[in-house]
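Protein chains in written order, with the working numbering: chain A, 1 to 364; chain B, 365 to 728; chain C, 729 to 1055; chain D, 1056 to 1382.
These aren't lab readings, by the way, just hints derived from the structure by calculation. In this text the structure is predicted, and so the values were computed from the model without any measurement. Just so you know, not all the hints are guaranteed correct.
Stretch-level coverage of chain B by chain D, calculated; a stretch enters the list once three of its residues show a Cβ under 8 Å from a Cβ in chain D [as the list claims (entries may be wrong)]:
#1 486-499
#2 544-556
#3 710-720
By construction, the Cβ of each residue, glycine as well, lies at the ideal position given by its N, Cα and C atoms.
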Amino acid sequence: MAVEVKEFLPITQRHEDLGLSDELVLQMYYHLLLSRRLDERCWILQRQGRVPFHISGIAHEGIGVGAAYALRRGFDIVHPYYRDLALSIALGMRPIEFMLALFGKKGDPHSAARQLPSHFSLRHLNIISGSSPVATQVPQAAGIALAEVLKQKLRPFLEAAGFPVSQEMRVVLTTTGEGSTSEGDFHEALNWAGIYRLPLVVLVHNNQYAISVPVWKQMAVPRVADRAAAYGVHGIVCDGSNVLEVYRVVREAVDRARAGEGTTLVEAVTYRWTPHSSDDDDRTYRTREEVERGKRHDPLPRFRDYLYRRSLLTQRLEEELEEQVQAEVDEAQRLAEEMPYPDPEEALASVFATEDRSGWWGQS
Amino acid sequence: MAVEVKEFLPITQRHEDLGLSDELVLQMYYHLLLSRRLDERCWILQRQGRVPFHISGIAHEGIGVGAAYALRRGFDIVHPYYRDLALSIALGMRPIEFMLALFGKKGDPHSAARQLPSHFSLRHLNIISGSSPVATQVPQAAGIALAEVLKQKLRPFLEAAGFPVSQEMRVVLTTTGEGSTSEGDFHEALNWAGIYRLPLVVLVHNNQYAISVPVWKQMAVPRVADRAAAYGVHGIVCDGSNVLEVYRVVREAVDRARAGEGTTLVEAVTYRWTPHSSDDDDRTYRTREEVERGKRHDPLPRFRDYLYRRSLLTQRLEEELEEQVQAEVDEAQRLAEEMPYPDPEEALASVFATEDRSGWWGQS
Amino acid sequence: MPEKTLIEAIREAIDEEMARDPRVFVVGEDVGPRGGVFRATMGLWQKYGEWRVIDSPLAELSIVAIGIGAALNGFRPICEIQFADFIHPAFNQIVNEAARFFYRSGGVYNVPMVIRSPYGGGISGGLYHSQSVEAFFAHVPGLKVVIPSNPYDAKGLLKAAIRDPNPVLFFEPKKGYRLIKGEVPDGDYIVPIGPAKVTREGSDLTVFAYGMMHYYVLQAAEMVAKEGIDVEVVDLRTLAPVDKATILSSIKKTGKALIVYEDNLTLGYGAEVAAILAEEGFEYLDGPVMRLGGPDVPGVPFSPPMQDFFMPNPQKIAEAIRRLARY
Amino acid sequence: MPEKTLIEAIREAIDEEMARDPRVFVVGEDVGPRGGVFRATMGLWQKYGEWRVIDSPLAELSIVAIGIGAALNGFRPICEIQFADFIHPAFNQIVNEAARFFYRSGGVYNVPMVIRSPYGGGISGGLYHSQSVEAFFAHVPGLKVVIPSNPYDAKGLLKAAIRDPNPVLFFEPKKGYRLIKGEVPDGDYIVPIGPAKVTREGSDLTVFAYGMMHYYVLQAAEMVAKEGIDVEVVDLRTLAPVDKATILSSIKKTGKALIVYEDNLTLGYGAEVAAILAEEGFEYLDGPVMRLGGPDVPGVPFSPPMQDFFMPNPQKIAEAIRRLARY
Ligand SMILES: Cc1ncc(C[n+]2csc(CCOP(=O)(O)OP(=O)(O)O)c2C)c(N)n1
Ligand SMILES: Cc1ncc(C[n+]2csc(CCOP(=O)(O)OP(=O)(O)O)c2C)c(N)n1
Ligand SMILES: [Mg+2]
Ligand SMILES: [Mg+2]
């Protein structure tokens, strides 16, 4: 039984109806493109044996970019997962910041070269460190969001003690794969989210597979978003390869969250065309025909077509952007390759914190 | 915010319409009564300091007795929780078997006096040993039920190897409290149940509280049964103090399960009028008025009224049954008190099995 | 100084820290109006309100995960796990997450939180209300593990734990909640996390213990003192990171060691103390390093004679001391 | 005898046991058409069908719980946890449930199941694809814990585990899956759970190890042999229940002990071996009981120099042997 792949149609939304300027949609395109080219380069580096491992966000970029633009970037808080290269790029991660992690080099800002690459963590972008055990971030994100509620409830006491509280709540966005919704963590998180109407968006990338396990072996409901019904939270599905639709749906979820109307479970549908990771060989569990059909889930050409149709992109601009992106990726690779490894003894650092750096997301 | 308690009405079902004979409903009444009197005695013994601990099934008897009669007793498999005194009684547990556990005496058939009382485990009645960590039995019950599916699928291989397989599947009934549905275990179990259409009934005793935590702090959905929607299983609510309604609903669930139509999440609503256990003091978290209102959830008078109205019970018969039950409880207490404690060194026994006793629920 | 019970000292620490720092809050099952099943948070919901004393759903994994998240967002959560036996559903969030957050983020995200939980046997709790779980967590770098043996330390250590920028597991000997009394100052003081303490000076041998067993060890030391055995007692207090210096300086003095704990013997915390002694204290050893722990069975049985059989007590400890002293 | 890799031996054991007993089935993430991410179950789905090789949802707690339930209902589940690092979500079901079922039911319900999982570092897996978790489980009475160091033992021990009436945790050194080769008979044989094995006779000192580290220890022993140090090597193989007799008889012979493991040092499995030696082997000891383990940091780092710094290897082991020999 193969995974079902739907036919995908041209984008019919109009960005101005969503409140997005021409400039912003071009920026979105640039972020899509940069993520894609960076990702492709990582595959090459891995296949060349220059880096040990890559886990890809290809075909997930529409979700990441759409979601990032729906947030108040630099204010809202994000607890992502390993497919979120594009989300991180659209939030402001520079290619070199990714490449340092990919190579495990000194200065990797995510984990000081301790974690596998794609474990995004950037303090200045409000991106919280994630681990590999799936779904663990979801109840943690609920905790981050609960703290936002507490800040509002306890404002006078906190401010009197020197802890400023922003006028509005920060919204917390967390992401995970459809397979990971089977974990108990997901359930417990959504349960809290419903009870406390948390300012939280749980964005599930449904790419049809958890490594080799298709979604129909993973759950008996037709849609991941159906799970919202068990928790009294909002549930909605969107086409993950339509960046404007993702933007719209996540934006509504974010606005609802900020307004105190609680959590939304957003399912963004796509298809994973790469193997799960560079360690995987997907020929054992799905046909090449299915994968070819799945490649129709590609946010890039759909968005490009839209921009052409709307006369925002020209061939010349497209080429310029390609060149710019390639140059950025080249430069990032070069810098990362030149960078030395950390000293061996750095393995011993930062087991325990000696002072509090957890910080306080306050006024702004 | 107090817990809402509904007005309860006389039983309007007719037992013959449910396929229950006069004899059977009188037996049901006897089991209700026996459970209640046994339970009341346990409270007295605990208050007298003769036993250290009691956790009560009072006001839960309608659920237990209704469910037990809906099963093919001795064939189907039950993985209960600590409120299931009445379920166990209706499945065939003798009062002495409970009392030995209550006193922690030699010969306790549930745990050889190792576990707290009300941790029911009786091999000859297909009652599986439960633990104290809540909800752990639910995914285990899913595993027991999956094995029933496997038996049917693998019948020729199993029978060829000398493992007989019954013609029909055994249905697995597991129970838990509404609070316990917040645990990840519950989620993962229901997810399996949906995917594999397991012959499983998950019967949730919704007594409005998890110790002191009211159901509205436990979940944001109005009904526990709403959670079924997340898993593609059937969900249904019934009045737990109406033994005939519980019978009907669980019976339908059992029939569905046996027919291969999958799992049902049954929510049986009641109200816990006792403190959580003999260690609890519920005056800190709910008013006496609320508890008085809650006592309307009493399966016993409602069923007694029904039997009177149907001329199945007379005052004389009622008195006879009371006497019989009191005598049984007295006798059980006497025997348990006389029984010695286990030897201290028995603490060392049965850490590892040296032969397989897990057995095979086969033909029958 | 006023005399208080262990549970009163714990409550006082929480109360004072909540008054001192509005970022401190409590989350757990039944911690609200009920005040906790052991009454550790009694009166705090009434005093600080429902947003600082939060009755959680019945779900330990998320009690801890919510704590992690709130800590990352600036708060100082105190998560209560109702019994140590029920900490296992949260194991992944503690061991893979809380413990590794600071390290995995290269020292960027620290997780200042406390996980409090009552542990230990001898209270007719059976297999699932009697467990000791400290060894699991003392094995995990990135976690601090603290077990007080008396009210004074309990208050001071819990305050230190709440102010610590790292995840601290704080296990409380529940049998001692009302049994163990001692002088506890009103108001603020700290007992630092880290140092063990010599609680009885002696010269013949050292007994290492913590929590409830430390209480019994002091009684056993008195018993054997009458027989002329002069016992030194070390209260380990902080199990992780371990205070090797105090352990080694005591063995240097006495040359003989007994470690007492109520957890299962094999790979219980005493194994690490014994291993430290066997490696770094080897030159000082005048006899075998003895351990007295619970037997290797899957739980403390409910029935009184079997429970007594399982639990170490002053008599059994005295017997072990005599055996070691004779060596 | 044909030469096979560790992973081939494991696959062969599963295959033969499935052929032998229709009650044996496999459940875990990606064990079906994919044949497991390390290929341990390659071809078995194709051979035995989807009802005996079950791709589970992504949920470890229930992989184990489903196994427990199926075992109670007569089956012989082999649960695969994809990486040992992901066993923690299932901790409660393993530790509170599987381990305690037989005991808590007074010897009525036993749970015959195997939980297989690849463990260990040195494969560029970072914090969450490198963990060693044996110490957590070896601490829990009611569980058996087995770690093979070579293909012959792997096949024989895994067969024994599948036939054992108790829950057995079977951890496989993933770095050795293709690296470690050895002669493995076709067809049925058993290596019993329980006995450790002296894999190299020697007189100067004993090195105790298991899994990948045992493989390195043999290499280190060869290195120092050239320098005239005669090392005895004991492969512990079954960590729980521990084979004290073999441990003690070796120390009686050599008088000095080094324990090597790649888990974090503190309260790693070596702590228990050291504690046994310090108590029951004290009279035979001619030197401190040394441990060589991973440092006490929250994980094996990804970056090559830090990973190398973390991992014990033949050179570091040889160095520790030399130090002990000099004592
Ligand atoms: C707790 C846990 N179990 C298993 C794994 C191994 N693993 C890594 S990714 C993955 C599949 C995830 O699937 P899904 O959630 O659908 O996300 P996707 O990779 O498809 O984006 C698995 C099984 C893990 N990382 N964590
Ligand atoms: C994992 C776990 N956490 C906490 C407890 C302590 N505890 C015992 S019963 C209970 C409440 C259960 O509530 P519910 O599920 O509604 O069942 P009820 O007792 O109301 O029938 C709690 C918190 C436990 N037994 N197991
Ligand atoms: Mg997926
Ligand atoms: Mg309840």
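To see whether the hints hold, each was checked on the structure:
1. 486-499: Answer holds; 5 residues pass the 8 Å Cβ test.
2. 544-556: Three-residue rule met by the region 544-556 of chain B, so holds; n is 6.
3. 710-720: holds (count 8)
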